[in-house]
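Protein chains in written order, with the numbering used here: chain S, 72 to 398; chain F, 72 to 398.
A hint or two may mislead.
The list makes no distinction among identical chains, and a pair is therefore deemed to hold if it is satisfied within one copy or across any two copies.
In the SDA-like style, the derived pairs of lysine to any residue whose C-alpha atoms are separated by at most 25 Å in a straight line are [unchecked claim]:
1) K146 x K254
2) K256 x V185
3) K384 x T258
4) K140 x D252
5) K93 x G186
6) K360 x N388
7) K270 x E138
8) K189 x S315
9) K336 x E281
10) K343 x A332
11) K140 x K262
12) K312 x I342
13) K345 x F327
14) K254 x M143
15) K396 x V142
16) K270 x D252
17) K312 x M323
18) K324 x D341
19) K146 x K162
20) K219 x K254
21) K312 x E127
22) K254 x S369
Hint data in this document are derived by calculation from the structure and do not stem from the laboratory.
Number of protein chains: 2
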Amino acid sequence: MRIGIDAFGGDNAPEAVILGVKEALNSIESNIVLYGDESTIVRLLTKHEVNLQKIEIVHTTQIVSGEDKPVMAVKKKKDSSMIKGLIDLRKKELDAFLSAGNTGALLAGGLLKVGRIKGIDRPALVSVYPTNKGISVLADAGANAECKARNLKEFSIMGSLYAKEILQIENPKVGLVNIGDEKGKGTALVKEAYEEIEKLDNINFIGNVEARDISFGQVDVIVCDGFTGNIILKLSEGVVKSLSDMFKNVFMKNVFTKISALAVKSGLSDIKKKLDYSEYGGAPLLGVKELIVKAHGSSNPKAFKNAIIYAEKALKNDLIGKIEKNL
Amino acid sequence: MRIGIDAFGGDNAPEAVILGVKEALNSIESNIVLYGDESTIVRLLTKHEVNLQKIEIVHTTQIVSGEDKPVMAVKKKKDSSMIKGLIDLRKKELDAFLSAGNTGALLAGGLLKVGRIKGIDRPALVSVYPTNKGISVLADAGANAECKARNLKEFSIMGSLYAKEILQIENPKVGLVNIGDEKGKGTALVKEAYEEIEKLDNINFIGNVEARDISFGQVDVIVCDGFTGNIILKLSEGVVKSLSDMFKNVFMKNVFTKISALAVKSGLSDIKKKLDYSEYGGAPLLGVKELIVKAHGSSNPKAFKNAIIYAEKALKNDLIGKIEKNL
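Using the sequences plus the hints, can you model the full thing?
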């Protein structure tokens, strides 16, 4: 298998990408194809003494930035580390492609260069969401800021398949994010989506889910538009981090609190690990014909490593084939 | 001053309302006017031995439920504990009205029975949002699920005035909730709102704010539509609660962790207090001509007590007059 990686995508690229690749190499069988400026990549591979046996480089001259308009990026930056990789994915020169870059551009590139699975209007970024109980699935986690009811319906189907096939959750409970439990609450979009999802007979739709119940794992599949999904992911990340900071201050207060910190250290680091996005690797962009994995924009080497391992696992699991078959 | 209270609004009404009134009586000067079924109210006042000196009852025969459609509730339930109170507020028989009931109905009642301040299209629920740094203001916290750019602009003005006049924050930083820092990100709504807010010269607009930065107090005024605002408030509440549960389990693990819990107990309860919505009282519905305060739907007696104290404080501060003058 060949996994392509956008070496210039994400806040910490390209160094964090190269370090992530180095760390992943021992855990994977795939070959890695790095997309980006060759001389920079070679310099970093050398600097970090990366084993080159399974590594190839495809030299590209452009970079898609966070400010680029998605469709413009796809059209004008065909020789970028992101778009060139997607083109090669379409040509089957790669089995999967991974990027931590501009989410909108990755979606647009996936749509325009790789193509949709039949029956899907808009692909969704399907992310895991750690809860008190375990792991839920969030769809869409930020690919489509603006959605139609049809899109939310498709997200609910793909999210449910993902929970079942990849996370092995039996009969996953699907909930529509809304501002009230009752049917008929919320915006025109969620009201219409509720009606559409309710009609599906191949998913276990339990109705609306309020934001306060999400982190308790009330549902296994959290369905929402990408604007809301992005807020849910990033707000959770922020609240966990700010609360951890407050806790840290409490423990640093005096000698007694410092000693007490030792007693709970392992328990707290278990929680931290459980909630750390970088432990979970990337999020697949489901609904396109090939495997595209989005890593968190602020991915560190560990996050890249886990995203690469995740991509290989998803390939071995035939994630895209299963989605296609079940739609 | 006379503060009207919907005795039958909220998940724990009417008992939590009566207990909240009892607790508030020592801290306020105002008279309390309770709206709802007289015999039930009298029974609860008697049961809890509430001092009746400053209490009046207005008997009503209907209740607005969580399932009621807002405008229908206003039209068909004129003799409900919520709508009758709003009618009396308009007639100046009350100086303020407080309810923990159906937010949509309270907004519709505020619009149709009390009326808007000139120049305001949609009133906003303006809530405090505790952060790492202190307190921010969230507008809209859930009154308007569906918004136009104009509404977000007005929320930014009212939120800023609230932060300045009531929370005494000098030159409060105003941020628009979005899925990216850069101008031009997000939905059509937020893009248009950005343009509108940018033109204002009486607020300190710093641009977009990402959800992950909200709980660190990056901005003093968090501007968003009511759907997003409701998600932000309730998700934060849920994440804090689920994280606290996880921490609790860590501390309960063995005798050493239990002892260590003692050392950090006061620090942790400071955090808990800081993040506890019931400490902050209610959220005013700004943009209507009189003071309407919304208490959290799941308010307990302490939350009602603080909402009542808050309402009196807002009256003394001439909150509505200041908003009206500055618009």
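Hint check results:
In this homomeric assembly, K146 and K254 come within 25 Å of each other (Cα to Cα) only across copies, at 21 Å, whereas the closest approach inside a single copy is 42 Å. For the identical chains of this complex, K256 and V185 are inter-copy neighbours only, at 24 Å across copies versus 37 Å inside a copy, given an alpha-carbon limit of 25 Å. Taking the shortest alpha-carbon separations for K384 and T258, neither the intra-copy value of 38 Å nor the inter-copy value of 34 Å comes in at or below 25 Å. Taking the closest pair of Cα atoms, K140 and D252 come within 25 Å of each other only across two copies (14 Å); inside a single copy the shortest separation is 37 Å, beyond that limit.
Taking the shortest alpha-carbon separations for K93 and G186, neither the intra-copy value of 31 Å nor the inter-copy value of 64 Å comes in at or below 25 Å. In this homomeric assembly, K360 and N388 come within 25 Å of each other (Cα to Cα) only inside a single copy, at 15 Å, whereas the closest approach across copies is 61 Å. When the C-alpha separation of K270 and E138 is checked against a cutoff of 25 Å, the pair qualifies only between copies, where the shortest distance is 22 Å, while the shortest distance within a copy is 39 Å. Taking the shortest alpha-carbon separations for K189 and S315, neither the intra-copy value of 44 Å nor the inter-copy value of 44 Å comes in at or below 25 Å.
For the identical chains of this complex, K336 and E281 are neighbours neither inside a copy (32 Å) nor across copies (31 Å), given an alpha-carbon limit of 25 Å. For a Cα distance limit of 25 Å, the shortest separation of K343 from A332 qualifies both inside one copy, at 14 Å, and across copies, at 18 Å. Taking the shortest alpha-carbon separations for K140 and K262, only the inter-copy value of 13 Å comes in at or below 25 Å, while the best intra-copy value is 30 Å. In this assembly of identical chains, the alpha carbons of K312 and I342 lie at most 25 Å apart whether taken from the same copy (12 Å) or from different copies (14 Å).
In the homo-oligomer, the alpha carbons of K345 and F327 lie at most 25 Å apart only across protomers (23 Å), although the nearest pairing inside one protomer, at 27 Å, exceeds that limit. Taking the shortest Cα distances, K254 and M143 sit within 25 Å of each other only across copies (16 Å), while inside one copy they are farther apart (40 Å). Taking identical chains as interchangeable, the C-alpha atoms of K396 and V142 are never at most 25 Å apart, the minima being 29 Å within one chain and 46 Å between chains. Proximity of K270 to D252 under the C-alpha cut-off of 25 Å is restricted to the intra-copy arrangement: shortest distance 18 Å within a copy versus 38 Å between copies.
For the identical chains of this complex, K312 and M323 are neighbours both inside a copy (16 Å) and across copies (23 Å), given an alpha-carbon limit of 25 Å. Taking identical chains as interchangeable, the C-alpha atoms of K324 and D341 lie at most 25 Å apart whether they share a chain (22 Å) or sit on different chains (13 Å). Taking identical chains as interchangeable, the C-alpha atoms of K146 and K162 lie at most 25 Å apart only when both belong to the same chain, with a minimum of 18 Å there against 62 Å between chains. Proximity of K219 to K254 under the C-alpha cut-off of 25 Å is found in both arrangements, the shortest distances being 18 Å within a copy and 24 Å between copies.
Taking CA atoms no more than 25 Å apart as the test, K312 paired with E127 passes in neither setting, with 37 Å inside one copy and 47 Å between copies. In the homo-oligomer, the alpha carbons of K254 and S369 lie at most 25 Å apart only across protomers (19 Å), although the nearest pairing inside one protomer, at 37 Å, exceeds that limit.
This entry does not satisfy hints 3, 5, 8, 9, 15 and 21, going by the numbered hints stated previously.
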